[in-house]
Amino acid sequence: MPSFELSGRTYETDEDGYLINLSDWNPEVAAYVATQESVNMTENHWEVINFLREYYEEYKIAPMIRILTKAIGKKLGKEKGNTKYLYDLYPGGPAKQACKIAGLPKPTGCV
Amino acid sequence: MADAHEVPEIHDDIETPALQPGSMGHLAPYPAVEKHMVPLNFPAARVPDWEKRGVEKLGEMLKKYRSLQVYMDICVKCGACADKCHYFLGTGDPNNMPVKRAELMRSVYRRYFTPAGRMFPGLVNAKDFDEEMLKQWFTYYHQCSQCRRCSVFCPYGIDTAEITMAAREIMDAIGVGHKYTTEIVAKVHDIGNNLGIPKPALSGTLQFLEDDMLENTGHEIKLPLDQEGAEVLLVAPSADFFSEPHIQSLMGYAKVFHQAGISYTISSYASEAANFGMFIGSYEQKKKISKRIAEQARALKVKRIVVGECGHAWRVAYSFWNTLNGPFDFLDNRYPVPQHICEFTHDLIGRGALTFDKEANDAYVVTMHDSCNVARASRMGPNPGGQFTIPRDLIRATCNHFVDMDEDTIFEKTLCCGGGGGLLTDELMDLRVKGTMPRVTALKKVMAEHKVNFLALICAICKAQFNKMLPMYGIPMDTVGGVHQLVSNAILLGKNKGIV
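Chains as they are written, first to last, in my numbering: chain A, 60 to 170; chain B, 708 to 1207.
No lab work stands behind these hints, which were simulated from the structure alone. A virtual CB, placed ideally from N, CA and C, is assigned to each residue, including glycine. Heads up, a few of these hints could be off.
The following label-pair restraints were derived from C-beta to C-beta distances [what the hints assert, rightly or not]:
id: 1; chain 1: A; residue 1: Y146; chain 2: B; residue 2: T821; range: 50 to 56 Å
id: 2; chain 1: A; residue 1: N85; chain 2: B; residue 2: T1030; range: 47 to 53 Å
id: 3; chain 1: B; residue 1: D780; chain 2: A; residue 2: T69; range: 52 to 58 Å
id: 4; chain 1: A; residue 1: S97; chain 2: B; residue 2: L932; range: 37 to 43 Å
id: 5; chain 1: A; residue 1: W105; chain 2: B; residue 2: K906; range: 51 to 57 Å
id: 6; chain 1: B; residue 1: L830; chain 2: A; residue 2: S97; range: 52 to 58 Å
id: 7; chain 1: B; residue 1: G766; chain 2: A; residue 2: T69; range: 43 to 49 Å
id: 8; chain 1: B; residue 1: R1058; chain 2: A; residue 2: K134; range: 55 to 61 Å
id: 9; chain 1: B; residue 1: A751; chain 2: A; residue 2: K119; range: 24 to 30 Å
id: 10; chain 1: B; residue 1: H733; chain 2: A; residue 2: S97; range: 21 to 27 Å
id: 11; chain 1: B; residue 1: T924; chain 2: A; residue 2: D147; range: 24 to 30 Å
id: 12; chain 1: B; residue 1: R1058; chain 2: A; residue 2: N99; range: 39 to 45 Å
id: 13; chain 1: A; residue 1: N85; chain 2: B; residue 2: P907; range: 23 to 29 Å
Can you make the complete structure from the sequences, with help from the hints?
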């Protein structure tokens, strides 16, 4: 099974680098995965990650994109509450790349 | 992320590429794992006597499916199919010519099931089902999207998709599965849909969209969940509850129901139209997945079942539901069983129940991408070719500007989006990028000649695939959308509500 080492700990991932054990996640892991993804984490990036994690905690699934954009719009200003802004933050896609950094499982299906 | 895929150059026309033998031989999908194989009643891992078991399974299938036996025997290698596969056109790998892909199975068939192949394998190019052959099968039977374009051109009507499905079924039977598809099927059995959206999340999502539509339209448009006694059970692909542009179509369906005054419900138990049992070629899985829908239709006491914008779901529903889970005689037989959402909306327009402000779509010059499973494996409505004319009628009813792409790339000759048949997975990205090239070529042509800026279609896989692919070819992501997205934009709410 693929894995990576960080601060003396081993983290197991799937073939695409998503954490196997969701409880392994911590901000240091997120920062490391973001570096691997060439995403430079700013405060606004963290807002997305925090929202994804809160939503997942409650619903056991990532939110529909529109729910995410609306939440981000509320937090960061209406002009940022759109899909384009999310793709500016996470060029690999809010569903896949942001979920990976947030330690959520990879969305499956026709996505 | 390593998204630096080599993007083919787009020429004026779709050209037959120079041969590049073995160029895609490295690209196989991730193998399935035990936790996904076991719930599907497949062996957890490759079985010890897999060579023998694989050949036995092929033998069983030849007996069970007369068509497969015919496809093994009848090909005369005329080559009509050779340049018809989008994956061949995009990759130049001869194993992606439909005839060569099928030959991977035919050579094994000859070895074990024909006298000449048993005695003189070298003379008839008969091959053992060995490690190398299994590797080729796993690779190239996962580079076919089961789109059946090649079958349109085959003088014998050989259905290569059926050969691909058979190969995948044989591999599953020996414990060699494909991760993406088996994980998804396992998730449907566990949670009810491909995405794994549990009921509370689905309920919250629908509530969110209702609020959103109220805010944007001023109308209380409902997305009811698990409502017993509704007239219609709406079965949509679960991507409609999650992704852009899919949810735009979901809101379109909701507005149509609202405006027509027809009660409907979504089901949390049968919250998936898609049926990946077809992609893995398993009759049992296909039956088990679609059974959820039949059960819910009975439990919720609906009179009709309407299927959302999902290509292969429509094939399964239209062509197989009755055999798999029929009869559906408990439904109202005055309506088609099942009914496609496009057919449903089309019928309402014909009866004067819906009116549109076409100018709402005036920003768009629209073209239509026919999705393979709708185009070549089903029909729609009472007339032949309805699967082509009905969605186009809806576009014309809701938009002022529509133009078709090159006639060799639409209707039954339509080109696959490059992500169908269970290949919409990231590890096959290189194949997806190359396989979409022929469609993008035809699209770019109408973009240049007619200023087309909207690619309308009725398939969740196509939407997701183009959403990812078009930007790689320099086309904006929001160029792709559903037919009911256009309906949603243009529908007039509130006036003359209900069927007249």
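Hint numbers the structure violates, sorted upward?
-> 5, 8 and 12
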